[in-house]
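Trainee: My request is simple: use the sequences and hints to build the entire structure.
Number of protein chains: 2
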Amino acid sequence: MAKIADQYLQVHPWKIIEDGFHPDRSEVSESLFSLANEYQGTRGYFEEGYSGDHLTGTYLNGVYEERFTEGTAYKGISTRLAFMVNTVDWLYTRIELDGEILDLARCKYSEFRRELDFRSGELRRETVWETASGKKIRIVFLRLLSMETNELACQQIRFLPLNFSGRPKLTLGLDFSTPHRMYGQNFWSCPRKDTGMLLGVSTSVNQRVFAGMRVSANAKPEPIEGEKFTGYVFDLELQQGRESIVERPVILYTERDPNQPLEEAWNKGVSAMQCVTKDYSAILEENRRYWAGFWSKSDITIEGDPETQQGIRFCIFQMQQTYRGALKGANIGAKGLTGEAYNGNAFWDTETYCLPFYLFSNPAAAKSLIDFRYKTMPQAMARAKDLDCEGACFPVATSDGTESCTLWQHASLQLQPTTAVAYAVWHYAHVTGDTEFLRSEGAELLVQICRFLATRGQWSAGGKFGYYAVMGPDEFQMMVNHNAYTNYMAKRTFEYTLEVLKSIPPASVGVTTSELAEWKRMAEEMLIPYDLSTGLFEQHLGFFDLPHIDVDAIPVEEFPLYSHWAYDRIYRNDMIKQPDVLMFMFLYNQSFSAAEKRANYEYYEPRCIHESSLSPSVHSILAAELGRSQEAFDFFRFATRIDLDNYNRNACEGIHTTSIAAAWMNIVYGFGGMRSDGDLLSFKPSIPGHWKSYSFQVTYRQSVIKVEVNQAKAFLHVVEGDPVRVNFFDKACELDGTGISIKI
Amino acid sequence: MAKIADQYLQVHPWKIIEDGFHPDRSEVSESLFSLANEYQGTRGYFEEGYSGDHLTGTYLNGVYEERFTEGTAYKGISTRLAFMVNTVDWLYTRIELDGEILDLARCKYSEFRRELDFRSGELRRETVWETASGKKIRIVFLRLLSMETNELACQQIRFLPLNFSGRPKLTLGLDFSTPHRMYGQNFWSCPRKDTGMLLGVSTSVNQRVFAGMRVSANAKPEPIEGEKFTGYVFDLELQQGRESIVERPVILYTERDPNQPLEEAWNKGVSAMQCVTKDYSAILEENRRYWAGFWSKSDITIEGDPETQQGIRFCIFQMQQTYRGALKGANIGAKGLTGEAYNGNAFWDTETYCLPFYLFSNPAAAKSLIDFRYKTMPQAMARAKDLDCEGACFPVATSDGTESCTLWQHASLQLQPTTAVAYAVWHYAHVTGDTEFLRSEGAELLVQICRFLATRGQWSAGGKFGYYAVMGPDEFQMMVNHNAYTNYMAKRTFEYTLEVLKSIPPASVGVTTSELAEWKRMAEEMLIPYDLSTGLFEQHLGFFDLPHIDVDAIPVEEFPLYSHWAYDRIYRNDMIKQPDVLMFMFLYNQSFSAAEKRANYEYYEPRCIHESSLSPSVHSILAAELGRSQEAFDFFRFATRIDLDNYNRNACEGIHTTSIAAAWMNIVYGFGGMRSDGDLLSFKPSIPGHWKSYSFQVTYRQSVIKVEVNQAKAFLHVVEGDPVRVNFFDKACELDGTGISIKI
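In order, the protein sequence lines correspond to chains A and B. Reading the first sequence from the start, the letters are residues 1 to 744 in our numbering. Reading the second sequence from the start, the letters are residues 1 to 744 in our numbering.
By construction, these hints were calculated from the structure, which means they are not laboratory data. All values reported here derive from a predicted model rather than from experimental measurement. Among these hints, one or two may not hold up.
With a cut-off of at most 30 Å between alpha-carbon atoms, the simulated DSS-like pairs for lysine-lysine come out as follows [to be verified]:
hint	chain 1	residue 1	chain 2	residue 2
1	B	Lys268	B	Lys193
2	A	Lys75	B	Lys75
3	A	Lys502	A	Lys520
4	A	Lys464	B	Lys464
5	A	Lys278	A	Lys297
6	A	Lys75	B	Lys3
7	A	Lys385	B	Lys3
8	A	Lys3	B	Lys75
9	A	Lys706	A	Lys684
10	B	Lys385	A	Lys3
Mentor: Next comes the structure, spelled out in structure tokens:
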């Protein structure tokens, strides 16, 4: 894996710290220093304005716009693209002193420091600005998104004149006029405004977003207004050596309902404003309590490796910021709420990479992710119909359940989003034992998925069942037949559905006997390409005879290949982008022998270029299982610090939210050796050689299990709740507060 | 083949005749009644204006515009689309009588008749118009494009008042303002104008087109002008029972040079106008002579089947109208100059379907088609580079040599345009014996093509050479590996190139010894999927195990499948769109045994839905060879009358120019049993059971061979030039004026 770290942040167990401004990485920092509380997210941009590289972005979960692509539209090719739209710049700030406007791209400054604290979710930035006239002032910018009140955000600015007293001019505003970068236009109009409050309505979808602020400053506010702007100007009265504080709580209110009357949207926003009573310090205090509670159950500690300690906490912190299951109908965009790449859409990453983190820390939040699919089943059924199939076909990319991927070669050929939903149903029900869920949603989802799989699949001339013209998880093989992943996942989906329908009457979910018989036959006759002599699964029929390419011989400047290689060339060899066979061997890990896992890992890993950020983590887990501990650690380090070290050089677009979800799995499934696909939850921990110890906790059937591992032993115990049966190094045992330890 | 004729024209051996207007087929008629002289082409639209369905189109060969597609552009995906642009409406006519404007969609009329005569290229249309006030006038519209003077067109209108004398108002104009239908905009501005003359300049490419007219009418012209329009209004003085004639020769002058100074473009146009001295009758007379000369060498007669007689002459007439090798740099668009579908671009159809017609009637015209490829080799080399390859990759669709197909799945995966150029080089040199051509162009083309084939091809893990991720001629199988057609054509291309480079020193065309060795090895190790036990070629690796579909069971309303089936569904079974294996068995016919041809025909024909208009003709030829004479005739009838009977219901978009080229092959290669891929030209005629006789002539090595076949015998003789050696029913013989006949 030819990935090279670009580390510029300070290492700290609970913070990320930028000591001295790095303008060449300004947008990377904006991404890394993003704040979110699931409901809203704000990039770490400079609120005072910055004429260097910047992407001003505040996003509201579920607030998207749409556009339609032109060009050849054959049947079943989606032409509607939904994208997360930037909303209001609620931090809009301008500071003028002696006719000079603060802009770190143009002004003289020193002592720049930016910190984000995972224990409070506070972003703090300070610098000393020296004007052309020689005046020096220390300014501290603080911001927070409330973890208690979704709609609430707060900004504080502290001014400390170092060598003068004077009257800088401060402007604070709410600004809906920022253009969307990729599409080069602004998508908002503001039909209603009042001082310090305005209502934005988006162009196509008619989203309503209310923004309001209440400024407290020791100066008289002069209201100012623009077409999509409201704000105040203050003449601050600053005394040398005395700190003055300005702060403003802000409400961003939306119900994500395009049909809501404007009057109602306005009134609800105003009411929400009126409920705001807390000041910055009170919100900060609340946030500290929230995060302390969270970390007490979800922290991962690593002793002896400060970088991965920081990395894994950053990942966990970002996951929790992005999604925590409190907001109805939320999903997880590929970049969370930290940037506009991938249009803010959610992918199969949700079920495949993110779900386990919630499943073992907050099962209700995990269920809520599946609810998103259940609620968007009508769109998935319409999509299946567009594809001349029955049942439900879940989208490759989506904001609202409709297919938002306009590339047919992905949207029409990738079935993994659909099988991933079935997998999530199984995984959730299997881990939680929530049979009620199966009855209320799960069975219905499974049935519609099976219908889709039954109609999209075909019988070969030789009488085997499987999928033609697909693209498996490895997106470097397109329009292949009998992709092992697709076929295997479909087989397991049929089998699990048939099993579920043993305890839930098929007729109650509208399934006929002939359907059951058909699905059974399809599962039985599913072609899984496999070479008995080697134990290798063939990624698809014909893969083994593809032209071989030595991936290590590809010059590093040719990456990413999508930008440097002719499009079709990518698809014409045995190079793979991300795990495909290894992916289903991870998902159904205990269904394969150690020898099979070893053979397939040894065959496929050297062919993988990990061009997907989702790739290294799965390899890390399997490497750990196979005792390839250095590889396991290297992949883990990459997965954990992919953004902090900007490995893929695209963190500027937003962080790899769904990929870093897998970093958590690297500890729990990888080094922790946890497996959740057997009858009992099982553990088989190992530890990288240079770590002193590590620990993590998982919530399992109402109990919290803590796993502590050092170089000598692994120790498991229940820290909360009843005893539970687990498998520990292949031995079933009853785990309680006393715990069990094993020498490793 | 579920194709149903929609016949509405009268049958006539030398004409197409519409007796009584068919407004529901108005655009079909516009296509069928198109005129062209290779340099320019005009659809048979109503010059007087028509508010029903119409597509006003006058096209100049090689005059195109361009536009750029938006959306994801990976490397090697063409985003520039060149399209034949409609130019000036040189026939613009409006006729007003008693305040009523003639418009067959709104006026009362009778005795409508439209005829196009293949012996003169004259389009004649007449009708009797009865105004609301009861006045009746017979109007005859005549038009011609000169076959002697490319730039010259002529319109004549005859007025015969039947029951009144009066002063209708006549407007005649030149109009550059017609919008392009598909792109909904007009692409011309007119920077220079004078009475009766104007210069059009196109928006993007800067094409210059001069249009000028000289009107002769027995009335005083009043000049009128518009932004993109010039013309005259006449108050005609008509006497009851006396015919008045108005006519105008028109010059459309372009050098297709976007860099030509406007002044020069204008002056050259004006000069061309000044050279026009002939009137309508003189041009008609010239055209009659031209076409008489043409038919004396190129006619095909069929006795006993008036419909196919008319059909085959229509095809030959249209071929000659579209292209005859007189215009430097011309190629043949898929619809010729009769419509805007396929953007007027040229495809591999040129080399594969059109070339033989010219090769055996006008070899210089055939060579000129290859010249087009030779001259656009720089574009083909740039394209190869875009695809990360070397050498020359010829475009799937083009107006100027650059790739104009913006669908990567065609443009990046279809190698047949490139191998077709190599085939054309071979075919031309083989039939004409023109070794000088090989030295001056052919070898260079072959070498650059081989370089492309060598770099686009790959070695399988098992050590065989071939092509991955291709789409063969059968466009219903996408991204397949080792397509038999592609591999076979590449193998033959390598082999032929190596043979040519035995007599032309490789170094003289820059070829190294190691290249020669590499190409030799690639040819030798080329994987041609073939089943020894059945003699079947497998269309691509894996084809035989694809899900089977009974093509006859597809409901007829689901055609065309591109419009009714989900896009990916088309590609997931053993249904084929057009010949693939059978295609190369046609092109290199004598390289395969009769048993192989039979086996493959019997396997592939039932799987073919002939969704391409190019499909039936190739099947007809092979069916004739295999003695399946009813099938051969059915396919031939379809190919010959595809547009006259509007089989595909899309003749409104323009006629299938390149497909009907193959109708000629159906007679010559099919029933005539001619083969041009052996050492000697060979013949093995057969005759459909219900024909009395048929005959055709081919020009071969400066001699004209006439083939006459009736139910009793086939008779071959040389009608012009020296004796030639040919193969007649597998027996070599010297053919002279006396000829040889054989009982059949």
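Trainee: Hint by hint, where does the structure go against what was stated? Just the numbers, ascending.
Mentor: none
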